[in-house]
Amino acid sequence: MTAPPATPMPPSTPDDTDPSLPLEQAIDWFIRLQAEDAGEECRRACADWCAADPRNARAWALAQDMWASPLLSEALAVTAASATAVPDSPPRRHARAVPLRQPPRFRPLARRAMAWAAGLLVAVGLGLAADLPLRLQADHRTATGVQERLQLADGSRVLMDTGTALATDVEGGERRTRLLRGAAFFEVTPDPARPFRVAAGPAVVTVVGTAFAVRYLDDRVTVTVRHGTVDVARSGGPAVRLRAGEEVVVTASGVGAEHPADLSAALGWVDGRLVFEDRPLGEVLEELDRYYPGLILVPDSLADRRITGNYRLDDPVRTATALAGLVRAETLRVSDALLILRPRP
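Numbering of the sequence shown is given in the working numbering, commencing with residue 1 and proceeding in unit increments.
Misleading hints may appear alongside valid ones.
As the list claims (entries may be wrong) - Quick list of simulated restraints, FRET-style, between CB atoms:
| id | residue 1 | residue 2 | range |
| --- | --- | --- | --- |
| 1 | R44 | A167 | 56 to 64 Å |
| 2 | R243 | R157 | 18 to 26 Å |
| 3 | L326 | R181 | 24 to 32 Å |
| 4 | E174 | E330 | 49 to 57 Å |
| 5 | R312 | R220 | 22 to 30 Å |
No wet-lab data here; the hints were simulated from the structure.
Using N, Cα and C, we set each Cβ at its ideal position, and we do this for glycine too.
Starting from the given sequences, assemble the full structure and let the hints guide the process.
Given below as structure tokens:
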């Protein structure tokens, strides 16, 4: 990659830990210049941006240091290994990884770049440690990008989405299930004498016989009903009744108001689809990233583009490539652990 001309630094060069450094913009420029056909106009624009402010030039240097860092490479490798090392996972198809072209000169790793790479390693380690209690509680778990169908002892059926953990007890006088993380779609066998209850975070869902989904992510529980009726409450609190085509959100502060649901979007994953209408690309990719064993990154220049579509979930790389095409962008596969969207030149 051709780097922009070196920019003279004033005597008071910004410190690497300066929070005002425009690191996100620098990474955005770095992604653009990774294109083999990045033109001279793009390189000049980057050089002009670096020359406009010494903080810009320092952020550019840090961005290059970060990508060249062996710590970051190691962190990405650990991320990929931890995401895919799950017993009995079906084989996954992967496109050929495309290595980032290294900058022409290698500088000693700057403090903040080292902090980023080391921070990613720490995050991986903490994530594995935090996952241990969940693994001990769960009777059933799904790996990233994997969905699994279960039939419970009472005949009820459950579809577990990617990255989901579930604990079940349906053999006694009361049928109980705990959604520890992720999303699950329940088709409950009717039994008036034994209501079926699903606990997820602060929410408790009670049904007799119906088909509904519960999603528990980021301390937020969403209950969506496809058929039948369910009651949703916080533990010990009054219940909100949901009917077919309705949903409600439950958080630590309370149960929201029930409202009509867009079932094609809310339950698209049940049919293996990612369905969205007029949503920012960044939000759509955040959802798709749940099915990809690594990170999907998009620069700020693309994240707010609004898009509509209906795509398969079983091939996240192909879907990300198709989404990139909607906003005149392309994908760069750095490794099994990192997929980057970047604007086309």
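Hint check for R181 and L326 - Cβ pair distance inside 24 to 32 Å: Taking Cβ atoms as reference, L326 and R181 lie about 30 Å apart, which means the hint holds.
Given a hinted range of 18 to 26 Å, is it respected by the beta-carbon distance of R243 and R157? With a Cβ separation near 21 Å, R243 and R157 satisfy 18 to 26 Å, so the hint holds.
Do E174 and E330 keep their Cβ atoms within the hinted range of 49 to 57 Å? 53 Å, holds
Is 56 to 64 Å a correct range for the gap between the Cβ atoms of R44 and A167? Between R44 and A167, where Cβ atoms are some 59 Å apart, the hint holds.
In this structure, is the beta-carbon distance linking R312 and R220 contained in 22 to 30 Å? 26 Å, holds
When the structure is compared with the earlier hints, no violation turns up for any of them.
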